[in-house]
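Novice: Residue-level listing of the chains:
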Amino acid sequence: MALEALDLRKEFIRESRSSNRFAAVDGISLTLEKGEVTVMMGRSGSGKTTLMNMLCGLLVPSSGSVKLDGDDIYALSDSRLSRLRGSRMGVIPQGQTALGSLNVLQNVLLPCTLCREDGDEEHVRELLGRLGIGELAEAMPAELSGGELRRMSIARALMRSPEYIFADEPTADLDDENTALVFDFLKETARAGASVLIITHENDASAYSDRLLTLKSGRLAE
Amino acid sequence: MKLSRSITLNNIKGRPVRTLVLVLLTALLSAAVFCGTVIVTSLHKGLRSLEARLGADVMVVPYSATTQQSFEDLVLQGTTGYFYMDTATAQKVLDREGIGESSQQVFLATTSSGCCSLPVQIIGFDPETDFTISPWIKKSFGGELGFCDVVVGNDLNAFVGDKLKFYGVEVRVAAKLEKTGTSYDTAVFTNFDTVRELIRSSMELGLNNFKDIDPDRSVSCLLINAADGYTAEEIADDINIHVKKVKAIRAQDMISGVSKSLSGVADTVSGLIAAVWVLGTVILLLAFTISINERRREFAVMRVSGASRMKLASVVMCEAVIVSGIGSVIGAGLGALVLLPFSRAIENMIGLPFLLPSAGAIALYILAAAAVAVLAGAIAAAASAFRVTRLDAGLVLRGDN
Chain A
1 MALEALDLRK EFIRESRSSN RFAAVDGISL TLEKGEVTVM MGRSGSGKTT LMNMLCGLLV
61 PSSGSVKLDG DDIYALSDSR LSRLRGSRMG VIPQGQTALG SLNVLQNVLL PCTLCREDGD
121 EEHVRELLGR LGIGELAEAM PAELSGGELR RMSIARALMR SPEYIFADEP TADLDDENTA
181 LVFDFLKETA RAGASVLIIT HENDASAYSD RLLTLKSGRL AE
Chain B
1 MKLSRSITLN NIKGRPVRTL VLVLLTALLS AAVFCGTVIV TSLHKGLRSL EARLGADVMV
61 VPYSATTQQS FEDLVLQGTT GYFYMDTATA QKVLDREGIG ESSQQVFLAT TSSGCCSLPV
121 QIIGFDPETD FTISPWIKKS FGGELGFCDV VVGNDLNAFV GDKLKFYGVE VRVAAKLEKT
181 GTSYDTAVFT NFDTVRELIR SSMELGLNNF KDIDPDRSVS CLLINAADGY TAEEIADDIN
241 IHVKKVKAIR AQDMISGVSK SLSGVADTVS GLIAAVWVLG TVILLLAFTI SINERRREFA
301 VMRVSGASRM KLASVVMCEA VIVSGIGSVI GAGLGALVLL PFSRAIENMI GLPFLLPSAG
361 AIALYILAAA AVAVLAGAIA AAASAFRVTR LDAGLVLRGD N
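Chain order of the listed sequences is A and B.
Going by the numbering used here, the residue at position 76 of the first sequence is 76; the numbering climbs one at a time, nothing skipped.
Going by the numbering used here, the residue at position 120 of the second sequence is 120; the numbering climbs one at a time, nothing skipped.
I should point out that these hints are in silico values taken from the structure, not numbers from a laboratory.
Even for Gly, the Cβ is constructed at its ideal location relative to N, Cα and C.
Careful: at least some of the hints might be erroneous.
[Claimed, not checked] With beta-carbon atoms standing in for the labels, derived distance ranges: (1) ALA75/A to THR268/B: 55 to 63 Å; (2) ALA382/B to ASP118/A: 26 to 34 Å; (3) THR268/B to ASP118/A: 20 to 28 Å; (4) ALA371/B to GLY35/A: 54 to 62 Å; (5) ALA371/B to LEU6/A: 32 to 40 Å; (6) SER217/A to ASN293/B: 28 to 36 Å.
[As the list claims (entries may be wrong)] Short derived list, chain B residues pointing at chain A, Cβ under 7 Å: (7) ASN10; (8) ASN11; (9) GLY14; (10) THR231; (11) ALA232; (12) VAL301; (13) VAL304; (14) GLY306; (15) ARG309; (16) SER343; (17) GLY394.
[Unchecked claim] Which stretches of chain A does chain B cover? Using the computed rule of at least three CB atoms under 8 Å from a CB of chain B, they are: (18) 46 to 54; (19) 85 to 91.
With the rest of the complex left out, here is chain B (with noise of 0.2 Å):
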C-alpha cells in the first residue's frame, strides 16, 4: 500500500482538475445519500413518533370535531381548535363493555390577539389517568404541574420561568418539552385545573365560540385502549352505535393517510437516492476509465519497471478510495450542515411528522453515506483497475495499441 500511496498521492496533486472533479462527484453523491437518508429517516421517526403520541386504540370526540374536520387536523397538522362534549356524555363511552385504560382531555386555542402571549392549541390533560402525554412531559419535567403551571412544545418561543398570559390568566412555562416532530411541538399542556380556569376567561371575555358549556362538566376527547379480549375495532363500532353525538375514531385509521403519504415520500426519496447513486457511479465510472485511458502508458512504464498486474490495479483502486474518501466526507458534511439547519422548513413543506435522528445517529449517517459514495467509486474503478490488468505493455509503449 505503500507504493500505492506514494504514486497514487503524486498522481492526486499532480491533476487537480481532475482530482477536483473526481471529488465534486463524490462529494455529490454523498450528500445525496446522506440527505435522502435522514429525510426517510426523519419521516419514519416522525411517524412513530406520532403513533406513539396518539398512544390510545381509540379516540372519541364529540361528532361535530369530526364533520368539520377539526379534529384530524389537530392531532395531525397541528391546527388549533376545540370543542366539547359534556361529562354525561363522556361517562357513557366509559360504561361501554371493553373499555381498558381511559383518559380525558379538555382542548382550548389561544388566539393571537392581545389577550394572550401566543396564539397555540392547549391541553389539558388528567395527571391521574394521563397514559398519552405524561410518557412525553416526564422526559423534561420530573415533577407535579401546579396551578397555572404549563408545559410549552419545543418549538415555541417560550421557556422555562417564562410568564405567559392567556385570557388575561398569567401561567408560569414549569418545562420544555423535547422535539417530538408532532403537533405536540407548537402546542402547551397543563392539568385539567388550569386548563378549566383558562376556559371559565375566554367565556368571560367572549372569547369563545362556545357559550353555553360548564367548564368543570366538560371534555374534549377521550382516549381509550381496549381491555383484554376486546379489539380497537370492536370498541369504536360499539361506541359509534350506541352513544349519540360522539364519534370514535380508531388510532391506526387516523394515521393510516400519514403513513401513506409518508410512504409515498419516502418512496420516492429512496428511489432518487438509488437513482443518484447509479447516475453517480456510472459517472465516476466513465471519468475513471478517462483518465486510465490517458495514462495507459504510464501503467505500461509501471509494469516495464517491475509493476505486476495486481500493483497497477492496487494504484488505480487506492487513488480511487483516496480521491472518493476526500469527496465522500466533504459531502456528508456539506449535506449535514445545509440540512440540519433547514430541517424545519424541510418538514413544513412535506407537510408530514418529521423528526430528526439523535446527533449519534447523524454521525452515523454521515459515515454510512461517505461509505456508500467510497464504495460507488471503488466500484466505478474496479472496471478500470481490471482494464490495467489486461494492459499489453509491450503494445502500449510501441504505439500500436
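Looking at chain A on its own, in the form it has when it is part of the complex (with noise of 0.2 Å):
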C-alpha cells in the first residue's frame, strides 16, 4: 500500500523558444511509504514542485506512471482521480490558497463540501486549534496574516485524513516557532500512518524527515 512513481518526466517548451524542450522532471523514481516523513530539498527550478504535483495527479507526466495501490492514477478517469485526491490525498500547495469568500471554517471545510460532506466542524476547531488559530474559525480570509492563512491551508489539507499528503514549502510564511509545530504536526501525522512529502528549503526539516530527498535538475541526486 504505497505511492509508487515509475521513470516520471516531464518536459516543457520554453514559450520564447519554441524549439526548446526542457525536462524539469527527468526519469524520477521513488516510493512514498505509509507511516514515513519524505523531505525534498533542491535549489529552485530543480523540479520539486513539479514532481509533487505529478504524484498528486495535478499534472499528467510527459512519461513514466505513478501508481496507488498497483494502479496509475493517470489511466483514471479525471473525476475519478478528482474523488481520490480529495479522499486520500491532502495537498498543501505553495502560496496563499484561500477562497476569499468563505470563512477559515468553510475553507478547512472545502474537501468536504466538494466530496458532498457535511463535514466535522469539531474536528475542524480540534485542527485550527492543535495549529494555533483556533479563535480565527469564522474569520474571514483577508483579515488573517500570511502565516495564518498557510495554516489554515494545512488545515484544509488535514482535514479529511488523508493517507497521502504533498506539503510545498508549508511553513514558507512561518516563523521558527510556528514552523517546529507545524513539522511537529506533520511527523505526527505521518505516525499515525500517513505518508508525508515535504518539499522545503528549511534546513531544520531534516531533523523531522525518515527519508531526505535532494532534486538536482530535475533528478534525484543521492
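Please dock the two separately framed chains into a single complex, following the hints provided.
Specialist: Set out below in C-alpha cells:
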C-alpha cells in the first residue's frame, strides 16, 4: 500500500524559444511509504513542485507512471482521480490558497463540501487549535496574516485525514515557533499512518524526516 | 448541485459589487427583451384587431370622403368626421352583382363645445344587418340597444349608467367596449334611430356641415362582403366603374399602409432586441471572463481539494444561472412596471394600432424574457466554464501561468 512513481519525466517547452524543450523532471522513480516523512530539498527550478504535482495527480507526466495500490492514477477518469485526490490525498500548495468569500471554517471544510459531505466542524476546530489559529475559525481570509493563512491551508489538507500528504513549502510564511509546530504536526500525522512528502528549503526539516531526497536539475541526487 | 450552490452562494454574497454589475446587466437584457416583445406583439395584435374591426371585404363611401382623406383617417387614426350619401345611391351599389352580406353605417362627429359632453366620433349601425361592430359589442353588452342608448369605446371617460348629451340630446351609456387598440376605443356606437335623431338635432342647432340632407335617407358607409364566386377586387372595380359619386375601397388596401408601417416598426424593434441580446451576451461574456480570471487561483485550490473539471464548470454555471436569474426576473418585472402604464403614450408615439396582450400572455412574456436573459448568462458563462475545465491547477498555484 504505497504510492509509487516509475521513471517520471515531464517536459516543457520554453515559450520564448519554441524549439527548446527541457525536462523539469527527468526519469525519477521513488516510493512514498506509509508512516514515513519524506523531505525533498533542492534549489529553485530543480523540479520539486513539478514532481509533487505529478505525484498527486495534478500534472500529467510526459512519460512514466504514478501507481497507487498498483493502479496507474493517470489511467483513471478525471472525476475518479479528483475523488481519489479529495479523499486519500491532502495537498498543501505553494502560496496563499484561501477562497476569499468563505470564512476559515468553510475554507477548511472545502474538501468535504466538494465531496458532498457535511464535515465535522469539531474536528476542524480541533485542527485549527492544534495549528494555533483556533480562535480564527469564523474570520474571513482578508483578516488573516500570511502565516495564519498558511496554517489554514495545512488544516484544509489534513481535514479528511488523508493517507498521502503533499506539502509544498508548508512553512514558507511561518516563524520558527510555528515552523516547528507544523513539522511536529506533520511528523505526528505520519506516525499515525500517513505518508508525508514535504518540499522545503528549511534545513531544519531534515530533523523531522525519515528520508531526505535532494533534487538537482530534475533528477534525484543521492 | 448542492456543492455548487453552497460555494456559489458564498461567492455571490462575498462579491457584492461584481454580483450587482452582473445582475444589472442581465436585468437590462431581460427588460429590453420583454419590452421589445410586448411592443411587437401589441402592434401585431393591434393590426389583427384593426382587420377584424374593418370586418368587410369592401367599404363604399361618398367620393368626397376619399378625396378629403377623412374616411381613412377616421378608420385608421381615430380622427372624427362625417359624410353622407343618399340611400338611393346606396341602393344602386347594393344592386350590383356579387354583393353578399351588406350593412350600412351612419357617422356623426360631436364637438367639444357646450352642445356635447365629449368630442367623439358617433357611429350608427343597423343591428339587424351589422356584421362588423356587433361582434365587439356583444363581448361587453348582451342586450339590445334602445332609443338613445349608446355603447362607448374603452378609452372614453364615460361609464355604464352615465348620461351624456350630444347636440342637446341626452343619451344613456348602456355598455363600455373592451379595449380594441383601434379608433373604436374613442368612438360611440348607437342604433340608426338614435344617430338620426342626433343628426337632426345638430342640423337644428346649425352645427352640421351638411345643411340639406335628410337624416332618414342618408348613410355614410356601406360595408360589403363578396358573394361566393366574387372577389373583393372585382366588386370594388365594378362599383367604382358603374356607380357615380361613391368610392369602393378594399379593406386590404386600406390597411396595407398600416401593415407596412407596422412591419417596419416591428422589424426595427425586433432588430433592436436581437442587437441588445447579442451585445448583452457579449458584455456578460466579458464580465464572466474577467471574474473567472480573477479567481483562477481559487478554482485551482478547489481542484487540488478534490473538485473534478466538471465540478468546477458546474460552480461557474450555477453562479451564472443564479445571478442572471435574479437579474432577469428584476429586469422583466421592472420592464412590465414601466411599459404597461405607458402603453397609451407608446401608442400615440408610434401612431399605429396597438393592443396590449392579455395579462396571462404578459406573464408568459415576463417568464420568456427572464428565460432568454438566463440563457444569455448561461451562454456567456459557458465559455468561462470551459476555460476553467482546462485550468492547470499546478501551474496556476505556482504562479507560472
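Novice: Look at each hint and say if it fits the structure.
Specialist: Hints, one by one, checked against the model:
no.	hint	result
1	ALA75/A to THR268/B: 55 to 63 Å	59 Å, holds
2	ALA382/B to ASP118/A: 26 to 34 Å	31 Å, holds
3	THR268/B to ASP118/A: 20 to 28 Å	56 Å, violated
4	ALA371/B to GLY35/A: 54 to 62 Å	57 Å, holds
5	ALA371/B to LEU6/A: 32 to 40 Å	53 Å, violated
6	SER217/A to ASN293/B: 28 to 36 Å	33 Å, holds
7	ASN10	5 Å, holds
8	ASN11	5 Å, holds
9	GLY14	3 Å, holds
10	THR231	69 Å, violated
11	ALA232	69 Å, violated
12	VAL301	4 Å, holds
13	VAL304	5 Å, holds
14	GLY306	2 Å, holds
15	ARG309	5 Å, holds
16	SER343	43 Å, violated
17	GLY394	4 Å, holds
18	46 to 54	holds (count 3)
19	85 to 91	holds (count 4)
In terms of the numbered hints stated before, the structure departs from hints 3, 5, 10, 11 and 16, listed from lowest to highest.
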